[in-house]
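Each chain, letter by letter, is given below.
Number of protein chains: 2
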Amino acid sequence: MTSIFDDFYDADDLVSHLTQSIQYSIQAGGKRIRPLFLLETLQAFGVSITTEHLKVAGAVELIHTSSLIHDDLPAMDNDDFRRGKPTNHKVFGEAQAILAGDALLLDPYLLLANADLPSGVVVALVRELALASGSHGMVAGQVLDMDGETQTLTFEQLKQIHALKTGKMLTFPFVAAGLIAQQSDEVILSLRNLGEKVGQAFQIRDDILDVTATFDQIGKTPGKDEAADKSTYIKLLDLAGAKAELSANLVAAENILAELSRTTQLVPDSILKQIERLKID
Amino acid sequence: MTSIFDDFYDADDLVSHLTQSIQYSIQAGGKRIRPLFLLETLQAFGVSITTEHLKVAGAVELIHTSSLIHDDLPAMDNDDFRRGKPTNHKVFGEAQAILAGDALLLDPYLLLANADLPSGVVVALVRELALASGSHGMVAGQVLDMDGETQTLTFEQLKQIHALKTGKMLTFPFVAAGLIAQQSDEVILSLRNLGEKVGQAFQIRDDILDVTATFDQIGKTPGKDEAADKSTYIKLLDLAGAKAELSANLVAAENILAELSRTTQLVPDSILKQIERLKID
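Sequence lines, in order, name chains Y and V. Just so we're aligned: 23 in my numbering is position 23 of the first sequence, and the numbers increase by one with no gaps anywhere. Just so we're aligned: 53 in my numbering is position 53 of the second sequence, and the numbers increase by one with no gaps anywhere.
There may be inaccurate statements among the hints.
Given that identical chains are not distinguished, each listed pair holds provided it fits within a single copy or across any two copies.
Said to hold, decoys possible - Simulated crosslink set (DSS-like; lysine-lysine; CA at most 30 Å straight-line):
1. LYS85 with LYS279
2. LYS90 with LYS243
3. LYS279 with LYS90
4. LYS273 with LYS90
5. LYS159 with LYS224
6. LYS85 with LYS230
Read the hints as simulated data drawn from the structure, not as lab findings. These numbers were taken from a predicted model, which means no experiment stands behind them.
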């Protein structure tokens, strides 16, 4: 994964002051969960991973990284730390952080266009990524999340916000793998449902960790949701209820995988292992 | 052009608070010079304009609009007015303006992917737009521009900044028209050269208007470059020199068009009329 980003951003003809701030946030690491899901789903379909697939996996990670940089800005969540390191604007200044985030929304489409895959597949990937990230997805969810900060949300409203804010970008890897593996519309739909369950599990887990984990465990200041009086799954369902909801989503995801392994050539073991990691006792 | 944006952003399933702020900046208007160049170049090649072409033209305008919203932010140029209206963040707040700008970098790729053109052409358009806008283009130019604010630049450095910051996005329409009209690599190269000349003319003209025009004529506060002690073509070449440089670029553009009209079926009249409008006595 890292080599894809290095190949892309170490090019001599790029502006080093920009690529330095971009690389700072890319290399801050994180779990690379979106690329991992994409590559493991591809492998589950029996596809051998090539550099072309890494470009697609890299594209979704870059957009995710942009959202973290912009979310941390003073005008947004005003966070000083991310993944245990000072946030991008703390190191490079606000203007540079805005621009690094902007580049990280645009460059992924160059990665997709440069992926040596059938043109029809690339166009479908571009469509899916744009739907997942722009005003049909992540950014819309961020707006709803911001608007919701001052209100008490219902469970359905909270689910809707997260479905857009984080769900669609977590669904993309599964759908993208299906598109690359040239699966039927029906299989793609199952992969979309799988991604939605995983995405929801992911956000519930995040809310749980915000109240149960330490700075070292999650690499950012815990307890921020409660301090900001944000609507969370914990606030709406309490801790036990949130854990039950997390568990229900993971079981649903496992069931979809079981069904896919019956109806297609998919071997679900590595994806199941990833899902296993999302569990909290 | 407006109908494309309305069709795209009036959809019921979108978040109205986001689309409202997006539409505010889109509808602020401006000259729509990038879409115009694209559509006129297509027509010059004898292509009848369809909705699919309007989607491509719309895509470049949306990215341009995003750059204006983000440029105006307090952390960037801190502008209160744009095109004679309060800037986006003045009306909707900084966080919303950042997110509106983000959506306007991502949504254009959905427009491209949804354009019913041959897949190979769409992939080439995605590549060109990403190269023109991200860390190979506009955003890189914005970083160089910002870095250069505190220095005295050479003519070559200033040209390089503008080639990235505004040049590539002004070149895209000409190249995109060539790709859609399925012209040869050689013709595409001529169109790229044409776009570069037009782009340079455009920026020199902007610098000239900053010292010679009124608020009503340009819809923004004039004299800002001088007040900020920015390197401009005026500062490096003086007013007469900048006018001569503008004129030289426009003549070069006209010569490329004349050559293209000799070697291809291109009828350059409408493009020449646009170029005519860039002239300053």
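Results for each hint:
1. Proximity of LYS85 to LYS279 under the C-alpha cut-off of 30 Å is restricted to the intra-copy arrangement: shortest distance 26 Å within a copy versus 51 Å between copies.
2. Within a single copy, LYS90 and LYS243 get their C-alpha atoms no closer than 35 Å, and across copies no closer than 42 Å, so neither meets the 30 Å cut-off.
3. Taking the closest pair of Cα atoms, LYS279 and LYS90 never come within 30 Å of each other, the shortest separation being 33 Å inside a single copy and 44 Å across copies.
4. In the homo-oligomer, the alpha carbons of LYS273 and LYS90 never lie at most 30 Å apart, since the shortest distance is 36 Å inside one protomer and 48 Å across protomers.
5. In this assembly of identical chains, LYS159 and LYS224 lie within 30 Å of each other by CA distance solely inside one copy; the values are 19 Å within and 46 Å between copies.
6. In this homomeric assembly, LYS85 and LYS230 come within 30 Å of each other (Cα to Cα) only inside a single copy, at 24 Å, whereas the closest approach across copies is 34 Å.
Taken one by one, the earlier hints fail for this structure at numbers 2, 3, 4, listed in ascending order.
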